[in-house]
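Chains as they are written, first to last, in the numbering used here: chain U, 93 to 285; chain L, -5 to 161.
Watch out, some of these pointers could steer you wrong.
Unchecked claim - Only part of the chain L face toward chain U is listed, based on derived beta-carbon distances under 7 Å:
#1 Val59
#2 Glu111
#3 Ala136
#4 Glu137
As the list claims (entries may be wrong) - In silico PhoX-like cross-links for lysine-lysine, where the CA-CA straight-line distance does not exceed 25 Å:
#5 U/Lys140 <-> U/Lys116
#6 U/Lys270 <-> L/Lys41
#7 U/Lys116 <-> U/Lys184
#8 U/Lys270 <-> L/Lys152
#9 U/Lys140 <-> U/Lys184
#10 L/Lys41 <-> L/Lys58
No lab work stands behind these hints, which were simulated from the structure alone. Backbone N, C-alpha and C fix where the C-beta goes; we use that ideal spot for every residue, glycine too.
Residues per chain, in single letters:
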Amino acid sequence: LCPEANAVAWGDGIVTLDKIDVGKLTEAVPLLAEVDEDGLSEVLEGGKLFKVPRGSHVYRVGDTCAGFYSLVSGIVHLHQIEAGGRMVLLRKIRAGQSFGATDFLCGAPHRMDAIMVADGLVFRFDAASIREKLSERSPNVMTVIRTLSRSLESNLQNVEERVAHIFSNPDASLAEFKDLAGLVSTVEELDES
Amino acid sequence: MNPDALSYLSNLDRFSAIEERELSLLASMCTVRDVPAGTTVVNRADKGSGLLLLVAGRVISLQKVGVGGNVRHYVVSAPSLVGPTRLGATTDGFFDFVAQSDCVILSIDREDFRAIERANAPISRAMLVCVYTEMARYVATAEDYLMGLYQSPGQTKKRLEELTLAT
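Chain U on its own, in the form it takes in the complex (with noise of 0.2 Å):
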């Protein structure tokens, strides 16, 4: 996909498409399967492709939402700090997934930190672009929007069955709750002294 010579590390820059063989970035990207190969430019031409090594946060919670994310290769945990300070995880991101694309629809900032736990490598719709192409009605990048929407329904999926999970067998969930209650008090009552 990208010659190891071209890729940068996270933060200092990114990988030019030029020096991106496109034909592999697509099959990486699933958003992108729908997307005829004349529009591939033009959607693209916005994105930016990152080497992110592990250990790394892509975002954290509060940060400004600079566009929607495709995982080429690695692993993201999307995850919040609870207050116990026990990390909780909404998601794992496996490549070929996308992530960020709540908050970027909503115009909000990340509600989660998305933290790379392998090395791997992220590409990046930048949020000014598409929003220009799709100001624009881009039928192209309208095609990735609505590839996007098919991955909200199924993430949605995946809440309500977590959800559902935890109270369709309280005892079993209530002997984890009754752990981070405990912690949570723990944390409150050395803080109080």
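Once you've looked at the hints, dock chain L against the given chain U.
For chain L alone, coordinates are given in the frame of chain U:
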């Protein structure tokens, strides 16, 4: 043309960026439903129930547990989509969606909506972006609710304890 639907849509700030002719197209596909409080808007077994846009009132998501029990989850207030996972669903969902107050819902047939998506015509693109944005807002509500269960574990524990006693 569906004047009632157009009137509701025209009054939504979130749809204000849509040109009138595009709004008219959207309105022409809508059926307006007045839903009294307590009515089930979407049943968890509904598949392909269409796109439902709540334009007045509030809807609560409920999960059936045990024998005749219900767990109340998140509330969505107008304007919002309702149960958008049912749009493309091929299996049962997890929640029923019940009107918490008297509601007005605009419904768009699933096939009509999918046809508009496939056509990807200039006239429908701003409207589709609005619909996808509403979907994203709905997903954010559900995700925040899930995270909230962990962010306030004491409250969740209490709810689970009550549920354990009830069942």
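Hints versus structure:
1. Val59: Hint on L/Val59: holds, closest Cβ of chain U at ~6 Å, below 7 Å.
2. Glu111: Holds. Min distance 6 Å.
3. Ala136: Result: holds, 5 Å to nearest chain U Cβ.
4. Glu137: holds, 6 Å
5. U/Lys140 <-> U/Lys116: holds, 15 Å
6. U/Lys270 <-> L/Lys41: violated, 36 Å
7. U/Lys116 <-> U/Lys184: holds, 23 Å
8. U/Lys270 <-> L/Lys152: The given pair, whose Cα atoms are some 9 Å apart, holds under the 25 Å limit.
9. U/Lys140 <-> U/Lys184: holds, 22 Å
10. L/Lys41 <-> L/Lys58: Holds - the C-alpha atoms of L/Lys58 and L/Lys41 are around 18 Å apart, at most 25 Å.
Hint 6 from the list above is the single one not met by this structure.
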